[in-house]
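Peer 1: Could you build the full structure based on these sequences and the hints that come with them?
Each number in my numbering comes from the position in the sequence shown (counting from 1) with 4 added on.
Treat the hints loosely; a few may be bogus.
Derived DSBU-like pairs: lysine-lysine, alpha-carbon spacing no greater than 30 Å straight-line [claimed, not checked]:
{"no.": "1", "residue 1": "43", "residue 2": "103"}
{"no.": "2", "residue 1": "97", "residue 2": "108"}
{"no.": "3", "residue 1": "29", "residue 2": "139"}
{"no.": "4", "residue 1": "108", "residue 2": "94"}
If you're looking for bench data, these hints aren't it; they were derived computationally from the structure.
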Amino acid sequence: MNKFIYVTLTFTLVAINAMAYDTTKAESLHAFYSSMTQKACANSKLFINAEDTMKMIRDNNVTLLDVRTEAEVGVITLGGENAIDIPIAKLFKKESLDKLPTDKPIVIVCHSGTRAVLAAVGLKRVGFKNIQVLKGGLIALAEANNPKNAPQQ
5 MNKFIYVTLT FTLVAINAMA YDTTKAESLH AFYSSMTQKA CANSKLFINA
55 EDTMKMIRDN NVTLLDVRTE AEVGVITLGG ENAIDIPIAK LFKKESLDKL
105 PTDKPIVIVC HSGTRAVLAA VGLKRVGFKN IQVLKGGLIA LAEANNPKNA
155 PQQ
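Peer 2: Below, the structure written as structure tokens:
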């Protein structure tokens with residue numbers, strides 16, 4: 005009986021350690037994230053400010069991708085022909101990715117910018133090229149929406 009318990013316990017510990025994490029994925033992520041120093045992130049071309057985003061909206065040369073939850077979008081939405089609402093939880097489904105344009109820039113928006121960064125990194129990893137994140141999120145866009153920056157009707 006003791007031998008059975010010892011063998012079962014040993015097998016369980018080995019199995020748990022063997023499944024702790026995927027070393028291939030970890031190496032891939034290390035290669036990706038190891039270059040992300042504080043300076044590199046601060047100088048990243050991934051971010052775009054609200055004023056430049058408003059100019060792109062005025063020029064009709066952007067798709068705004070709102071990755072907030074459906075509940076958040078229900079309270080306040082970007083709206084307009086240049087805006088797409090796809091919650092980050094559904095973003096990487098084929099039918100969602102197929103909605104994204106490949107022929108013009110995409111600026112990703114969320115409340116403050118955190119989810120937008122996660123979405124941007126994922127979209128770049130699956131092959132989207134012209135992706136940027138609105139620095140400061142929806143809050144910054146609302147602050148930049150003034151008579152000088154507003155789209156013309």
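Peer 1: Failing hints, ascending?
Peer 2: Those not satisfied come down to hint 1.
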